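Trainee: Residue numbers (our numbering), protein chains in the order written: chain R, 30 to 198; chain Z, 30 to 198; chain E, 30 to 198; chain H, 30 to 198.
Each hint should be verified, as a subset may be incorrect.
Note that the list lumps identical chains together, so a pair holds whenever it fits in one copy or between two copies.
Stated by the list, open to error - Calculated cross-link-like contacts (lysine-lysine; reagent style BS3-like; alpha-carbon spacing at most 25 Å):
no., residue 1, residue 2
1, K162, K176
2, K130, K162
3, K159, K169
4, K37, K176
5, K159, K176
6, K148, K169
7, K37, K130
8, K148, K159
9, K148, K130
No wet-lab data here; the hints were simulated from the structure. The structure displayed is predicted, hence computed values, not measured ones.
Number of protein chains: 4
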Amino acid sequence: MKDRMKQKLETFINSANEEELHVMELVMDGVIRKHSCQNNSYLGGLLQAHRNIINDTTYEMTIPNTEIVQNALQIVHGGITATLLDSAMGSLVHHILPDDKACVTTEMKINYVAPGIGKELRCIATLIHKGSKICVTEGKVFRDDGKLIAHATASFFIINRNLEELLSK
Amino acid sequence: MKDRMKQKLETFINSANEEELHVMELVMDGVIRKHSCQNNSYLGGLLQAHRNIINDTTYEMTIPNTEIVQNALQIVHGGITATLLDSAMGSLVHHILPDDKACVTTEMKINYVAPGIGKELRCIATLIHKGSKICVTEGKVFRDDGKLIAHATASFFIINRNLEELLSK
Amino acid sequence: MKDRMKQKLETFINSANEEELHVMELVMDGVIRKHSCQNNSYLGGLLQAHRNIINDTTYEMTIPNTEIVQNALQIVHGGITATLLDSAMGSLVHHILPDDKACVTTEMKINYVAPGIGKELRCIATLIHKGSKICVTEGKVFRDDGKLIAHATASFFIINRNLEELLSK
Amino acid sequence: MKDRMKQKLETFINSANEEELHVMELVMDGVIRKHSCQNNSYLGGLLQAHRNIINDTTYEMTIPNTEIVQNALQIVHGGITATLLDSAMGSLVHHILPDDKACVTTEMKINYVAPGIGKELRCIATLIHKGSKICVTEGKVFRDDGKLIAHATASFFIINRNLEELLSK
């Protein structure tokens with residue numbers, strides 16, 4: 030496997046253009062980021078998700094706008110915006126729950142209002158309602174020029190921190 | 030840059046475990062898939078999206094459940110499910126539009142009803158309403174054991190195939 | 030109070046046009062329908078809601094298109110369509126739950142795709158997912174010419190049939 | 030018709046209890062409110078909708094919590110909350126549009142977070158995004174004790190003020 034990977038990289042490097050080389054290094058760095066524990070999932074590493082707890086009702090998450098989050102028109106894919114929103118809102122809820130509780134997203138609705146371009150996407154998640162069983166959150170995604178590109182609301186069902194319960198939902 | 034990439038791979042290979050090596054090859058293959066035009070975006074290449082036009086009102090898209098689409102609990106990230114849904118529903122609408130028209134997602138709502146596990150995720154997108162300005166679609170995502178994991182509805186605003194109009198929305 | 034009501038009706042009758050007289054009789058009949066137990070709420074009586082259990086996963090509810098469900102443009106108000114959808118989907122979930130369980134709507138999303146005109150609105154509610162805590166349903170509203178006017182999905186949280194729990198949610 | 034209505038009222042009055050008498054007067058007053066142009070629809074009259082323009086991005090609408098807006102459990106029906114939200118958010122959009130433009134709701138999503146009880150419901154609608162074709166709004170409904178009972182987002186498609194276009198959508 031190791032030799033095959035080196036060979037693949039060698040072949041790729043010899044035929045790739047500048048952008049493709051850049052993207053290859055980007056995804057390699059994403060995996061290395063998980064390997065070195067900078068992110069706790071490969072997806073987080075690939076997206077270069079950066080978290081920032083503002084306070085108990087606000088959570089911030091940013092990702093750079095790289096080639097791997099874009100659709101064929103070089104605009105951030107709506108699904109990546111959704112990934113950022115789900116991550117930020119879910120992290121907010123986890124942050125306010127006691128240690129023995131976790132949460133799962135039960136629904137999310139997103140309004141896309143402007144194209145995702147620019148250098149990075151910044152998501153601000155806030156709490157709309159904290160119930161004993163369900164938390165409802167709001168998320169807004171901004172471009173680096175300050176323009177809102179998406180608005181979301183989501184519901185999170187609170188469970189005991191126990192993978193079995195999650196899987197048997 | 031080329032030497033740096035080779036060096037990064039060498040260093041990684043020497044310290045990575047089996048899973049990490051597997052994931053590194055996975056993301057390298059994703060970029061190569063775009064490079065060789067098997068997919069029209071890096072994201073599509075990384076997700077290994079496979080498309081299948083069923084008919085004028087139904088579109089199918091599948092992705093394998095790999096390590097790079099999972100959250101820290103090894104369950105498919107809700108944002109990836111959203112990416113699959115947005116892609117499949119958007120592709121359906123593009124498929125039924127005339128060549129000089131395109132569409133942008135204006136809103137999407139997803140209900141998550143079961144955890145994403147198993148070998149692959151299969152999304153079936155169908156048309157709810159075809160208007161002159163807005164199309165409304167439904168999407169369902171299934172695991173390979175047939176269980177529904179997510180249900181979505183989305184609206185697509187129809188535009189002239191013209192990037193400028195899209196960007197100035 | 031009784032004499033005041035009679036006097037109000039007398040005054041109204043002397044200055045009302047045909048449509049207004051018709052609507053006054055309509056709302057009086059709505060209250061009488063609740064009084065005579067044909068409907069279990071005044072709202073149900075005013076809307077003349079008619080229920081029809083199709084089977085364990087499908088429930089039908091119809092209301093006539095009267096002046097009192099319309100907006101100022103004589104089109105059915107989107108909120109009335111929402112009322113019909115919420116009622117039909119909630120009734121479906123109640124129907125499939127055991128006698129000691131009830132449910133509350135936690136979220137509903139509606140796509141409005143055509144104006145509500147014609148003689149009546151017919152809602153068909155179906156089950157998308159039956160979980161132990163949350164049920165997800167779909168609802169479609171049709172005109173009497175068969176055209177779809179709205180599509181909805183909703184989540185219902187299952188509770189013990191106990192008003193206190195509901196109120197302290 | 031006029032005599033029949035008087036006879037219906039007479040019969041009702043003789044067998045109705047206090048609550049039923051109160052509700053009958055309530056619905057009669059609702060029709061009279063439309064007749065005397067206090068409201069521009071019967072539905073608005075029945076709901077006793079009261080409007081208050083705060084500023085160009087905020088609109089307030091309140092309705093009293095009466096028996097006719099409640100479900101069989103004496104809690105405000107989720108569809109009535111939806112009616113209030115749709116009305117307030119739609120009125121906000123109409124308010125900011127030029128005189129030759131109107132709007133139609135294309136989608137609305139509501140999260141219900143607490144039961145609707147108390148004396149009145151107050152809805153605050155604000156603008157999330159003002160586009161040339163689509164406006165996106167947010168609506169919050171509060172009880173008179175200040176508790177949030179519902180949160181909504183909605184999209185409004187902007188049309189020329191022309192009923193034909195609306196009906197042929």
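Trainee: Hints first: check each against the structure and report whether it holds.
Mentor: Against the structure, the hints:
1. K162 - K176: between (34 Å within a copy, 18 Å between copies)
2. K130 - K162: both (11 Å within a copy, 17 Å between copies)
3. K159 - K169: both (18 Å within a copy, 15 Å between copies)
4. K37 - K176: For K37 and K176, the Cα distance exceeds 25 Å both inside one copy (41 Å) and across copies (37 Å).
5. K159 - K176: Close across copies (12 Å), not inside one copy (28 Å); limit 25 Å.
6. K148 - K169: Answer is within; shortest intra-copy Cα gap is 17 Å, inter-copy 33 Å.
7. K37 - K130: neither (44 Å within a copy, 39 Å between copies)
8. K148 - K159: between (33 Å within a copy, 24 Å between copies)
9. K148 - K130: For K148 and K130, neither the intra-copy (35 Å) nor the inter-copy (28 Å) Cα distance is at most 25 Å.
Of the numbered hints listed earlier, those contradicted by the structure are 4, 7 and 9.
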